[in-house]
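> The chain contents come next:
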Amino acid sequence: MELLLSSGIGLLTAVGIYLVLRARTFDLVLGLTLLSYAVNLFIFASGRLVIGKAPIISTTITPTLANFADPLPQALVLTAIVIGFAMTAVLLVLSVRGYADHGTDQVDGREPRA
Amino acid sequence: MMLALIVALPFLAGALLLAVTNRARLLSAAIAFAFTAAAAVLLAVQIPDVASGTVSSIGWDWLPLDGARLGFRLDGLAAMFAGMVLILGALIILYARYYLSERDPIARFYAFFMLFMGSMLGVVLADNLILLVVFWELTSLSSFLLIGYWQYRSDARQGARLALVITGLGGLALLAGVLIIGNIVGDYSLDSVLAAGDKIRANPLYIPALLLVLLGAFTKSAQFPFHFWLPHAMAAPTPVSAYLHSATMVKAGVFLLARLYPALAGTEAWFFIVSAAGLLTLLIGAYTAIFQHDLKGLLAYSTISHLGLITLLFGLNSPMAAVAGVFHILNHATFKASLFMAAGIIDHESGSRDMRKLNGLWRLMPITAVLAIVASAAMAGVPLLNGFLSKELFFGEALALEGHTALEFAVPFIATLAAAFGVTYSMRFIHDVFWNGEPKGLPRQPHDPPLWMLVPVAILVCICLLVGIAPNATIEPILTLSASAVLGRPPPSFTLKIWHGVNWPLAMSLTAMFAGIGFYLLLQRLYSLHDIVHLPRGGKEIYDAFIKRLLGLARRITGRLQSGHLQYSLAAVVLFATTAALLPLLSGFSLGSAPGTPVSLPGLLLWLTGCAAALAVGYWHARRLVALVTIGVVGLIVSLTFAAFSAPDLAMTQLLVEVVTVILMLLALYYLPLQSPPERNSPPRWRDATLAAVAGAGISAVTYAMLTRPVDSISGYFLEKSLPEAFGTNVVNVILVDFRALDTLGEIAVVAIAALIVAGLLRTILPRVVPEQPEAGTYAPVSLFLEFLARILLPLALLVSLHMFLRGHNQPGGGFIAGLIIAVALLVPYLASGARVIESRIPLNYEAICGAGLVIAALTGAGSFMFAHPFLTSSYWALDLPFLGKISFASAMLFDLGVYLTVFGGVMLALVRFGKINAPSREYR
Chain A
1 MELLLSSGIG
11 LLTAVGIYLV
21 LRARTFDLVL
31 GLTLLSYAVN
41 LFIFASGRLV
51 IGKAPIISTT
61 ITPTLANFAD
71 PLPQALVLTA
81 IVIGFAMTAV
91 LLVLSVRGYA
101 DHGTDQVDGR
111 EPRA
Chain B
1 MMLALIVALP
11 FLAGALLLAV
21 TNRARLLSAA
31 IAFAFTAAAA
41 VLLAVQIPDV
51 ASGTVSSIGW
61 DWLPLDGARL
71 GFRLDGLAAM
81 FAGMVLILGA
91 LIILYARYYL
101 SERDPIARFY
111 AFFMLFMGSM
121 LGVVLADNLI
131 LLVVFWELTS
141 LSSFLLIGYW
151 QYRSDARQGA
161 RLALVITGLG
171 GLALLAGVLI
181 IGNIVGDYSL
191 DSVLAAGDKI
201 RANPLYIPAL
211 LLVLLGAFTK
221 SAQFPFHFWL
231 PHAMAAPTPV
241 SAYLHSATMV
251 KAGVFLLARL
261 YPALAGTEAW
271 FFIVSAAGLL
281 TLLIGAYTAI
291 FQHDLKGLLA
301 YSTISHLGLI
311 TLLFGLNSPM
321 AAVAGVFHIL
331 NHATFKASLF
341 MAAGIIDHES
351 GSRDMRKLNG
361 LWRLMPITAV
371 LAIVASAAMA
381 GVPLLNGFLS
391 KELFFGEALA
401 LEGHTALEFA
411 VPFIATLAAA
421 FGVTYSMRFI
431 HDVFWNGEPK
441 GLPRQPHDPP
451 LWMLVPVAIL
461 VCICLLVGIA
471 PNATIEPILT
481 LSASAVLGRP
491 PPSFTLKIWH
501 GVNWPLAMSL
511 TAMFAGIGFY
521 LLLQRLYSLH
531 DIVHLPRGGK
541 EIYDAFIKRL
551 LGLARRITGR
561 LQSGHLQYSL
571 AAVVLFATTA
581 ALLPLLSGFS
591 LGSAPGTPVS
601 LPGLLLWLTG
611 CAAALAVGYW
621 HARRLVALVT
631 IGVVGLIVSL
641 TFAAFSAPDL
651 AMTQLLVEVV
661 TVILMLLALY
671 YLPLQSPPER
681 NSPPRWRDAT
691 LAAVAGAGIS
701 AVTYAMLTRP
711 VDSISGYFLE
721 KSLPEAFGTN
731 VVNVILVDFR
741 ALDTLGEIAV
751 VAIAALIVAG
761 LLRTILPRVV
771 PEQPEAGTYA
781 PVSLFLEFLA
791 RILLPLALLV
801 SLHMFLRGHN
811 QPGGGFIAGL
821 IIAVALLVPY
831 LASGARVIES
841 RIPLNYEAIC
851 GAGLVIAALT
861 GAGSFMFAHP
871 FLTSSYWALD
881 LPFLGKISFA
891 SAMLFDLGVY
901 LTVFGGVMLA
911 LVRFGKINAP
921 SREYR
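Protein chains in written order, with our numbering: chain A, 1 to 114; chain B, 1 to 925.
Simulated from the structure, these hints should not be mistaken for lab results.
All C-beta atoms in this analysis are idealised placements derived from N, C-alpha and C, irrespective of residue type, glycine included.
Just so you know, not all the hints are guaranteed correct.
Covered stretches of chain A (in silico footprint by chain B; criterion: 3 or more residues with CB under 8 Å from a CB of chain B, positions within the stretch not fixed) [what the hints assert, rightly or not]: (1) 3-11; (2) 14-26; (3) 45-52; (4) 68-82; (5) 85-95.
Kindly generate the complete structure, drawing on both the sequences and the hints.
Following this line, the structure appears as structure tokens:
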């Protein structure tokens, strides 16, 4: 599974970067969304892949890392997801405003001279 | 305590003056004067102690590890300088009250002035070299404000900037020098440094330290080749020039020479560098001053010249020369301040400073003329005035120079020549302005100024006379005291006499006097001085060229990095990051040996779907609706991945965020083209694809390497303490609302800010892309089914949301998730019926909700202050209630309520603002 996850993260990164380098604002937003998936998964993976040990502790099991998944990366990623949404919202508004104000959704705010 | 108060009083006055309106002219002056006078009284009561030879000091630790102490120290030299700063300051405050016009913001002037005075007092009274440098830089900053006081004038702005750059750079050099000295001595306190002179001079770092300190002193005291800032600083109001260029700012440099004399002087290096700089400055300044047609320009170059003289005296390495240097500091301050003020009076009353127009003022303003003539005579070194005495001492020292054959002749010769030039420009100041024909085309008919403008000048001129006639009764004790502080021991016995008999110094004086007068007459009669244009070039031009080059370079580099094309810039960022990350990978890459998780069939299917969807997004990105649907699939896979690997909270959050993100993108697409137009002039796609592939492969490798290594985490602590200390079993939520609650507070603030940006940017959008609005009163649901569903769903979702929120501390859920659930649920009716309809039925102010959430979260954190705990400390109450059973309540839950409201309000604010411009009209298209 480790290999699958790391290759998946790599693929998300690659497609994300490719889209970020495109010339249209909406493509750039898509790219950044994919990149944030990749980053979130990467941070999450730093807690390693643990199955069936959600960090909900109980009085019967000793609360150690051997018995529960690492809660810290999860907490980090949880806020990162919400912040990612906020960032996407701002970028979308910027691209809409950019299109409204410049009449083009080229990332530089103007169509390149042919 | 008194010492610290002397320094603090001007700063207090400055702060007070900021609160005074600029119309209160008299009040502003009164505040400045009163505080200065109070500081002077505080100083005066210490004088008996200083006179008995006691060195008093006081201090507090400031940065103990770095050796910086907030300490002040009063000895003879410090007392002399502080007295000079305060007395001249008080006189100039009085003068400025009449000099500044109704239009000048006078309270601000005095505020800057007092700030400068305080900094200058700090420099002379500091007991710690670091503190001295701090005050030194403060004088640079406050002099910038003073020189640029008439900020609407471009010459004032340029002059201020030039002075700040030159003296500020010097200050940095001084700091470096001081750090070296402190390292050699092991302490920054003045007592230790002054006592460690031999140790410093023997150290191999002595020369660098000396050079750096001298760079500071020479830039401040306008020594050649750094003198060029001073004439440009004449754009300042004349009271500022009178203060900065007589008693204070430029004297800080020579003060430093005097202060560190026991620690640094006495070597060959000191002798050659300091006396050479002084000698050159003395001559160049005096010569250039002759050809200035501007009154203040003449005084500026004369100031440079006299500073050169003082520097030269300290450079001679002879105790008696140091005494003469201290003496000339005082003399120059008195006559130059009065001359500047006289020049200011002339300018003020006649409207011009040009000596080619100002002629024959003797009959028009006789009192000013008398005062100016006496002061100029002191500047020229005429007997019975203070300037004569220090000049005689200087000549004596120039003659006493031994051991350097060439210099034995050169120094006395240059000294006499410079003195002759001094006589010439003093002569010109008097003759050109007060005689030499009639005024030519002056803007105003000049006359003597109001009495209080003359009083400060008169007082200073009287001092010049008193010191010049009865030196032993007036100046001798002060001189002995401060000179012994400079030398570190009592100075050689000396007598100040007007008549020493016929000797060499007298001969030099007479020669200079006659040569100077002769030179002036020569220039005046044969060459018509007024037609000579002698603009000294050099420093300013080099400086300007340097700044121009620097800006050009910066512009070129910025242009290269930021071409204005986002694609190139981003590619550069990605390329740089990839290279930086690849370099360590290339030098060695190894995998760990932790056991892996076996591949499961659902896992493989997830992987296949996710990869296919991601590739599809990349391939079909130009067909935006397709890309949007596929990116939703990717998000879903990510969410399932979280669920599979023991992260239920993450899975729920990701799922909900995915929903709102897709809806938001859909809304955005309403205003954007549905198809990406073809790219033109873009870098080739294969290049981007290669870069992306390399970066992705690198990330894969790094992730895989990480996953095969054993875990080493601090999270054991959180797992262990979660229940006993934070009273919750859902450790992820506990971390968010308790252990790392401050981070969470910051994060929800970001959400709120982002929502406000969205709302703000969409408030005024160009009509070009806003669809036409339906007529008022029309209402047509998008889908009856959806509307029906929404009515059932909303109460249920509210219940689920509340449940998720309440259990969040112990089970998967919490504020983030609950806030998102209710937002998603509320979106359904919005989609079904349109924003306007819903807002009339459910009038919610999302800005207020979002803000309230932030306030609640912050207040919960602050609540722990009431129990004397640090910010955001959790507490826990368990109540046993009848019928309801045991109810537990942690304060963290209140914090989570803040998170809940902020996330809900923020998400809704962003979505609804998008929806509001489009929702009602869509169905009509």
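> All the hints need checking, so say for each whether the structure fits it.
So, going through the hints one by one against the coordinates:
no., hint, in the structure
1, 3-11, "holds (count 9)"
2, 14-26, "holds (count 13)"
3, 45-52, "holds (count 8)"
4, 68-82, "holds (count 12)"
5, 85-95, "holds (count 10)"
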